[in-house]
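S.K.: As a plain string of letters, each chain reads:
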Amino acid sequence: MSVLRIMRPENATALLDRHRGLFNRSPMQRTTALAVPAGMAGVAIFAVWWLALSFSQIWSGLSSLVKFIALMFPPSTGGHLDLLLKAMGETLAIAFLGTLVATVLAFPVSFFAASNTSPHPIIRFFVRRVLDTIRSVDALIWALVFVGVVGLGPFAGILAIAVSDTGALGKLFSEAIESTDERGRESVLASGGTSFLAVRFGLLPQVLPIIAGQILYFFESNVRSATIIGIVGAGGIGLQLSEQIRTYDFDQVAFAVIMILITVAIIDYISGKLRFAIIGRRVETQT
Amino acid sequence: MPSSLPIVSQTRLEVLVGDYQREVARRRRQSLLVLAILAVLIVLAARFGEVNLRNLVDNISNFTSYFSRIIPKLSVAHFGADVSDWYWNLTGWLKLLLDTVLIAYLGTLIGAGGAFVMSFLAAANLAPSNALRWIIKRVFEFCRTVPDLVFALMFVSAFGLGPFAGILSISIHTFGTLGKLFTEAVENIDMKPVEGVRSTGSRFVEIARFGVLPQVMATFASYTLLRFEINVRSGSVVGMVGAGGIGQDLFVAIRKFYYTDVSAILLMIIVCVAVIDLITEQIRHRLSGLERTR
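Line by line, the protein sequences are chains A and B. With our numbering, the residue at position 75 of the first sequence is 90, and numbering never jumps. With our numbering, the residue at position 279 of the second sequence is 342, and numbering never jumps.
Just so you know, the hints here were simulated from the structure itself, not pulled from any lab data. Treat the hints with care, as some may be off.
Each computed BS3-like pair below joins lysine-lysine, with the alpha-carbon atoms no more than 27 angstroms apart [claimed, not checked]:
#1 B:K243 - A:K288
#2 A:K288 - B:K200
#3 B:K243 - A:K186
#4 B:K319 - B:K158
#5 B:K200 - B:K255
#6 A:K82 - B:K200
#7 A:K82 - A:K186
Incomplete in silico selection of chain B near chain A, CB under 8 angstroms [as the list claims (entries may be wrong)]:
#8 Y83
#9 E113
#10 L119
#11 Y129
#12 L169
#13 L212
#14 A221
#15 M303
#16 G305
#17 L329
#18 V336
Since the structure is predicted, the reported quantities are computational estimates derived from the model, not experimental observations. Glycine is no exception: its CB is placed at the ideal position from the N, C-alpha and C atoms.
One chain only, chain A, in its complex shape (with noise of 0.2 angstroms):
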């Protein structure tokens, strides 16, 4: 117990000489360890001065807030229940098949947007760009789109989800792509085999995990943007949801997000496992 020492005054000096460098901390970094939350707030300032953000309207805002919310109270399905699980149904027939319609456009289209697989960098580029232009474009908006063209329904809802996440998934699929080891697609080549048996032997066994884990992900994230696309006459429970907040329904409105709520909590559930079940399996296979 002896090894416990007190320290001497003269000894933490001298600690703290040798420390100097910790405690010490240069003009530099003094100004901006300043300078950031400043700036931060100097902007926050400008933004609340710019909006014209009045706090009278803040307070009449939340009052009416509160009445909204005692409104929810007990939740009720206003009677059509049916219409709500049938909406609910939709919803979950739009995630699926959009998030399924964009794996099959965004997998062969991620190959030539990888750079190890890509046959030429201009190609690469050029799908790249395509890419990113797909995805800056929000689903909502896809969503708008496609209503002018197929009309109102949950049809227009998988369109856009299926066009918006293209473009997520290529990218995504081509970085997973362009991470692999490149020794299993050589050792292909090495044997003789082409460049499609390459890419099916020694690439997709690596990617695969990979790109299920991701698909799982984005089906899941796409199970609650389908809630809302319905707001603009696309499908699903967001056309209910909007029409009861419209409506001050909001016993309704309450009903609908529990049931929001409780339906994504079961998909993430069953996602989870099956990710699980997925990405546990290839790593017990691989060693």
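Got chain A sorted already, so can you dock chain B onto it with the hints?
M.R.: Below, chain B without anything else, positioned relative to chain A:
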């Protein structure tokens, strides 16, 4: 040394090949089962989703002609005049775009601030009370699962049209998503500094400040910047329901078929998001560099 190459006997080889073929057959059965389940799901979903391929094929010309219509007519001869014609409302749109960016900024700031405080209380390795931790985690979940547009619609009803509804709905959604990410970051820290600070008799706030914060600051900042970029994108969407920003104009342009306006506004949003993307990516790279040297 060629003699060291083992030669497999015929009987052993047959056993091996048999095993291999059984394994392949098992896998094949498994894949077929998965495919069958997928097929059933597809048929079910197509029913529910009112998939109508004929409708799509019949109207796909609408889709392509839509794009040809939103592309402005630019000629080399009077290029400048054409562009200024296309962007006839440039100053108005720029102001709205700034609105959107500021809405996203304030929403991110408020949401990240709330998530920052709550994440220390929700992390399993720090939480002072398990009940509180459970409640905060459920609140995070609620905030990120309810779509931000639903919040926006409600807030537009409560606060009236305008940016405040947008800020609030974005900050709630940000609170939920960043809360989860921040909590996970805090849960992954090295506990030794925390024990060191705790052994000096510090309180919770001091432990968080000196034991935890230096470890997670860079990660927090990086997640927040990423979220800011996402929020600029969704800020342009919540505008569609009247929650301020450029979304309202975009919505009107799409609904009223002001084709060239659609492309003009979309292009502005895309460029703006790309610029913010570039800037935040630079800062994030620098931050992750900082973290590595620590």
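S.K.: State for each hint whether it applies.
M.R.: Okay, the hints, checked on the actual structure:
1. B:K243 - A:K288: Between B:K243 and A:K288 the Cα gap is close to 20 angstroms, so the pair holds against 27 angstroms.
2. A:K288 - B:K200: Holds, at roughly 21 angstroms.
3. B:K243 - A:K186: holds (25 angstroms)
4. B:K319 - B:K158: holds (22 angstroms)
5. B:K200 - B:K255: Answer holds: B:K200 to B:K255 is near 25 angstroms, not above 27 angstroms.
6. A:K82 - B:K200: Judged against 27 angstroms, a Cα distance of about 26 angstroms means the pair holds.
7. A:K82 - A:K186: violated (45 angstroms)
8. Y83: Nearest chain A Cβ about 14 angstroms off; hint violated.
9. E113: OK, holds: B:E113 within 8 angstroms of chain A, min 5 angstroms.
10. L119: Since chain A brings a Cβ to about 6 angstroms from B:L119, closer than 8 angstroms, the hint holds.
11. Y129: holds (6 angstroms)
12. L169: holds (5 angstroms)
13. L212: Holds, about 4 angstroms.
14. A221: For B:A221, the interface hint holds, since the closest Cβ of chain A sits about 4 angstroms away, which is under 8 angstroms.
15. M303: holds (7 angstroms)
16. G305: violated (11 angstroms)
17. L329: Holds, about 6 angstroms.
18. V336: holds (5 angstroms)
Comparing the model with each numbered hint stated earlier shows that hints 7, 8 and 16 do not hold.
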